[in-house]
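Participant: Here is how the chains run, residue by residue.
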Amino acid sequence: MNLSLSDLEKNFQEVEPGLTDREAIEEANRCLYCYDAPCIKACPTGIDIPAFIKKIASGNLKGSAKTIMLSNPVGASCARVCPTEELCEGACVLNHSTKPIMIGKLQRYATDWAIRNEEVLFEAGKKNGKTVAVVGGGPAGLSAARELARMGYTVTIFEAEKEAGGLNTYGIVSFRLPQKISFWEVNQVKGLGVQIRTNTKVGKDISAKELLDDYDAVVLAVGMGKVPMLGIEGEDLDGVYDAIEFIKETKTNPLTDKLVGKRVVVIGAGNTAIDGATCSVRLGAENVKILYRRTKEEMTAYDFEYEFAKQDGVEFRWLTAPKRIIGDENGKVTHIECVRMKLGEPDADGRRRPVPIEGSEFTMRVDVVIKAIGQTRHLDLIQEFGLEHDDGVVKVNPENYQTSNQKVFACGDVIFAKGQGEAMVVTAAQQGKEAAYAIHQYLTKAVSETA
Amino acid sequence: MADLSINLAGIKSPNPFWLASAPPTNSGYQVQRAFEAGWGGAVWKTLGEPILNVSSRFAAVSFNGQRVMGFNNIELITDRPLEVNLKEIYETKKRFPDRAVVASLMVEPKREKWHEIVKRVEDVGVDGLELNFGCPHGMAERGMGSASGQVPELVEKQTYWVKEVAQTPVIVKLTPNITDITATAEAAVQGGADAISMINTINSLMGVDLDTWNTIPHVSGKGAHGGYCGPAVKPIALNMVAECARHPRIHVPISGIGGISSWKDAVEFMLMGATGVQVCTAVMHHGFRIIEDMIEGLNHYLDEKGIASVMDIVGKSVHKYSNWGGLDLNYKVVARINTDVCINCNKCYISCEDASHQCIDRLTDENGKEYLKVREEDCVGCNLCSIVCPVDGAIDMVEIPSEHPPMTWNERQAAISGLNSCNVDVK
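Protein chains in written order, with the UniProt record's numbering: chain X, 1 to 451; chain H, 1 to 427.
Certain hints may be false.
Derived DSS-like pairs (lysine-lysine); straight-line CA-CA distance at most 30 Å [what the hints assert, rightly or not]:
| # | chain 1 | residue 1 | chain 2 | residue 2 |
| --- | --- | --- | --- | --- |
| 1 | X | Lys180 | H | Lys305 |
| 2 | H | Lys369 | X | Lys126 |
| 3 | H | Lys347 | H | Lys332 |
| 4 | H | Lys332 | X | Lys105 |
No lab work stands behind these hints: they were computed from the structure.
Every value quoted in this text rests on a predicted model; they were computed, and no experiment measured them.
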């Protein structure tokens with residue numbers, strides 16, 4: 001296959017087209033405008049979906065975008081990455097009569113309009129003299145900052161990366177979520193006077209103590225870190241990548257042809273694994289396989305992500321675990337040794353534990369291995385803040401996201417663990433909002449008590 | 001944020017959206033719910049002598065799968081005792097002093113009846129009165145509603161009786177079931193009306209059941225004409241508002257009613273001379289909550305246009321509405337088909353071929369691809385092709401510069417008669 005760089009760039013254009021005006025009007029008018037609609041309840045951020053759709057129908061697109069973004073400060077990104085068939089669209093009453101409304105696409109239509117017209121949708125509240133530091137400028141942090149700024153707080157976001165937006169900016173492939181969408185959401189927050197200090201890593205460039213001393217409250221929304229080590233031989237060979245770094249590379253630097261014609265395996269079967277695999281296909285890899293030690297049933301990727309990967313030609317090898325990565329004399333990956341698995345007794349999390357089948361080892365020829373088996377925790381930072389945690393998962397009061405330090409509130413992936421929340425962008429956004437309201441309550445209560 | 005408040009003949013409300021006198025304004029509970037949602041005013045369901053209602057009462061027509069394109073009802077005025085309504089009006093006004101509460105009234109065409117009800121209603125603190133001379137069904141058979149409203153003398157006389165005692169502004173609500181609504185509108189003005197509102201509902205029979213051969217709706221196998229409203233009647237209402245607005249002797253404010261479902265509809269009515277609008281069917285379909293989008297949409301519209309107050313748009317399009325004889329005969333538009341956007345459904349072709357002026361050609365380009373082209377010299381600029389075209393931007397109606405200066409039919413006739421009279425002089 002002879003792929004030029006411009007071909008690759010085309011591959012990274014957004015896959016799903018937006019609705020045309022006509023499609024949007026027709027679809028918006030198909031919405032029943034239910035009262036107390038189930039789609040609203042199915043949305044973690046509680047967007048008034050019938051209202052925003054009605055506003056598309058009436059031609060009030062600014063109002064439509066406002067309704068969306070009011071409930072969800074990263075609503076433009078969520079229009080693209082939410083598992084809508086499991087959320088709003090899955091709850092649509094028309095599932096029982098005809099077919100559900102394309103809520104995600106209508107949401108994208110309205111927010112795209114606002115992006116195109118450079119609309120500023122919200123205003124900062126009257127300054128109340130209180131300050132809040134937000135650590136991490138991803139969906140949860142932005143969401144908390146936006147709500148705090150609307151309530152009159154002076155907010156500073158500390159962002160380790162060059163740009164804010166977190167997962168939406170760096171971690172979701174461009175052909176699903178272009179960076180400009182995330183940047184618009186960041187700019188909406190900046191527009192409220194929120195200061196975003198990028199390239200500033202808390203714990204290195206500024207200490208946790210400084211934040212605790214200088215601000216009235218702190219939002220810890222640092223998400224998660226790198227992909228952990230597989231713990232097998234050959235992991236440091238040339239050609240082994242961290243999926244998150246790999247995807248980030250495609251969103252920050254010009255695309256390269258280094259994967260053209262290569263054989264790639266991705267270890268893991270979550271949404272990041274899918275992104276790593278489809279990215280590889282679009283970078284010109286000849287063959288891309290996803291290796292997963294369990295089966296399709298235990299896979300954590302959304303169904304639509306799985307379908308998307310299959311459409312892209314990604315192969316899945318279930319019940320297959322890597323055992324060793326083999327390289328040549330130059331330290332380049334040439335093979336991967338795998339072992340077949342079978343499912344044993346259920347784990348603590350209820351999923352059946354994969355057990356190697358003895359003697360089933362086999363070797364595949366590969367050039368690239370992409371690890372996507374989860375993410376590590378920002379343990380050092382959590383410890384620097386002195387917060388109670390459970391294996392790196394910050395413990396919070398589920399009522400108000402308050403941590404063991406009463407002036408620190410945590411939200412988003414930093415508190416995500418099995419059984420505590422969901423690792424969706426939309427959930428992070430909601431937690432950010434709720435953490436902001438909790439801080440407001442905490443700080444106003446403190447005022448009334450001292451007064 | 002623009003100023004959305006209006007002042008209609010002295011009746012003030014924080015926004016131009018009122019609920020029309022109809023089922024949604026039947027009780028204090030409902031009107032207060034509406035005010036909580038943001039409605040600027042409400043015209044209470046018509047008060048009068050107690051009546052009896054029938055069941056069933058409503059019907060609607062769907063159009064191409066969309067429900068409630070048009071709606072009709074055979075419900076009469078309020079069926080609740082006057083004292084109950086008055087008590088609830090008082091409570092509602094007390095709770096929402098900034099909203100307009102207008103009482104709709106209908107009594108027999110007798111002077112003392114009008115005097116009595118006006119006094120009782122004004123005693124509880126309404127902001128204005130609306131005389132229901134429009135309701136076309138039921139009450140009309142008893143000489144009230146549209147039966148009064150179709151006779152200019154009765155409109156004038158009853159308005160006059162009301163004005164003899166009324167302390168608050170009087171709005172006269174007109175029926176569209178008349179050849180020329182300006183005749184009754186003028187009669188209302190003659191009688192001293194402070195404002196007029198239109199339209200009430202249009203006589204209608206919604207359908208006949210193909211299996212039972214019953215009317216829709218029917219009451220135990222029998223039907224009677226109802227009052228038609230909803231989006232389908234908007235063009236009729238808009239014309240009547242515009243005709244009154246441009247009439248030199250109808251110089252009172254107009255409250256626009258008829259098929260208004262969105263902020264855009266409201267803008268159109270206001271541009272055509274309405275000082276505010278009244279809404280019913282859209283609320284019956286979706287609930288009071290539609291007001292949020294109406295207010296927000298209107299606000300964004302005004303902001304975008306840089307207009308500070310909604311009152312500034314009232315009547316701004318009236319001067320653009322005239323008699324046919326005032327239209328420029330030399331103005332010309334033609335259709336132009338954008339081949340790159342066209343999806344080749346040939347709808348424009350067949351409508352032009354069979355129903356207009358046969359000026360679209362079906363051609364084939366050098367690659368064998370079919371395309372459509374308008375013969376502009378034969379196109380009369382009727383709009384039909386662009387109306388039936390299903391794709392936005394596929395057909396543009398383009399203005400063609402005229403070789404002649406503008407000339408209306410009236411100017412032309414005047415010129416011809418001038419020539420003729422010149423000829424006479426010469427002879």
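Participant: All the hints need checking, so say for each whether the structure fits it.
Facilitator: To see whether the hints hold, each was checked on the structure:
1. At roughly 29 Å between alpha-carbon atoms, Lys180 of chain X and Lys305 of chain H fall within 30 Å of each other, so this suggested pair holds.
2. Taking the CA atoms of Lys369 of chain H and Lys126 of chain X, the gap is near 63 Å; set against the 30 Å cutoff, the hint is violated.
3. Restraint check for Lys347 of chain H and Lys332 of chain H: the C-alpha separation of about 23 Å stays at or below 30 Å, so the hint holds.
4. Distance hint between Lys332 of chain H and Lys105 of chain X is unfulfilled; the C-alpha atoms sit about 41 Å from each other, more than 30 Å.
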